[in-house]
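For the sequence shown, UniProt numbering assigns the number 1 to the initial residue and increments by one for each residue that follows.
Derived from the structure by calculation, the hints contain no laboratory data.
This one's a predicted model, so the numbers in the text were calculated from it and none came from an experiment.
Backbone N, C-alpha and C fix where the C-beta goes; we use that ideal spot for every residue, glycine too.
Incorrect hints may appear among the rest.
Here are the simulated DSBU-like pairs of lysine-lysine, each with C-alpha atoms no more than 35 Å apart in a straight line [said to hold, decoys possible]:
#1 Lys50 <-> Lys273
#2 Lys33 <-> Lys254
#3 Lys304 <-> Lys164
#4 Lys33 <-> Lys114
#5 Lys33 <-> Lys195
#6 Lys164 <-> Lys273
#7 Lys304 <-> Lys59
#8 Lys254 <-> Lys164
Distance windows between CB atoms, simulated [as the list claims (entries may be wrong)]:
#9 Asp64 <-> Ser146: 34 to 44 Å
#10 Val128 <-> Glu280: 11 to 21 Å
#11 Ala347 <-> Gly284: 26 to 36 Å
#12 Ser117 <-> Ser337: 19 to 29 Å
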Amino acid sequence: MRNQSIEIEKHPTLQIQLDISIIIRPLTMFFLKTWRSTVFGVYGYLNFTKSGFIEHSKKFKPEDIQTRINEKNCIVTGANSGLGFAAAEGLASRGATVYMVCRNKERGEAALSKIQSTTGNQNVHLEVCDLSSVSDIKSFASRFSSKDVPIHVLVNNAGLLEHKRVTTSEGFELNFSLNVLGTYSITELMLPLLKKAAPDARVITVSSGGMYTAPLTTDLQYSDRNFNGVDQYARNKRVQVALTEKWAETYKNKGIGFYSMHPGWAETPGVAKSLPGLSERLSGNLRTSEEGADTIIWLALQPKEKLVSGAFYFDRAEAPKHLMFSATGGSHVVIDSVVDSLRSLSALSS
């Protein structure tokens, strides 16, 4: 290290370049982050709100979500409230057999009873599983796989935004554990049952527009000492979109479609708890849970030939994965590294 310092001292130009780099890099990152947030805020206000949904829905075709799916089996995670409840209810109302995966048994049973009563569909079932726990997911997968039923639709909806750094009993950062590792683990473990439903099987992962503010990174558990839950959530949602692309590429000839989507800014219990400021500022202009879940239902019902596996959807249309000049792209090397890490952390075989 001393020799390196001596060498630098012999080259004043190099020293100046290093000094400039030390100053410029943080400034560049600051302005880039500010740009991303600004573009995201404007784009979001124009598109992700209730008024955006009303405008976009003018192009919707009512018949697109009127299909009956009596013979199909669907799993919806995080189904006891918000978007997950709306998605489970929407699928059940169209005749599907729905398996609601919920962490809390009491709240899950209340949601189950309400959906059965509202839809008249008794083929709605509760599965209790904590999706932030890999061991719990493995237990659920083993238990559920014994049913040997084909899964036509898996909706990865369960998620959260925790502002403080919280570590799970398995040693993982909580946001990552649920949003990323949980999504990865349940999808991988359900693949055998999804293959049974091929060529009409599909996986729908509920991401978020927040991913527009984050690049893909291998720092999955946010190593920075100054933890920022909103940033981590955005990173998690970016990983979900990249994972969807990777799965689509890996299983393109297996009869399973993989889609990620953004529900818009909806008035849900999760948003009210995690982003109270957003709820206040946009009071009256947030989407309902049903409006947020509309594209989930649409993706579950569309003929697969009309969809693009690996794509990101918003309001029944394919949407861009990056906003202009935001530098949020990632290479195949990065996502491959992410998948390797997830495989290792979950202890799932390749």
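Hints, one by one, checked against the model:
no.	hint	verdict
1	Lys50 <-> Lys273	holds, 19 Å
2	Lys33 <-> Lys254	violated, 39 Å
3	Lys304 <-> Lys164	violated, 40 Å
4	Lys33 <-> Lys114	violated, 43 Å
5	Lys33 <-> Lys195	violated, 41 Å
6	Lys164 <-> Lys273	holds, 13 Å
7	Lys304 <-> Lys59	holds, 20 Å
8	Lys254 <-> Lys164	violated, 40 Å
9	Asp64 <-> Ser146: 34 to 44 Å	holds, 35 Å
10	Val128 <-> Glu280: 11 to 21 Å	violated, 34 Å
11	Ala347 <-> Gly284: 26 to 36 Å	violated, 47 Å
12	Ser117 <-> Ser337: 19 to 29 Å	violated, 47 Å
In summary, the structure is inconsistent with hints 2, 3, 4, 5, 8, 10, 11, 12 from the numbered list given earlier, while agreeing with the others.
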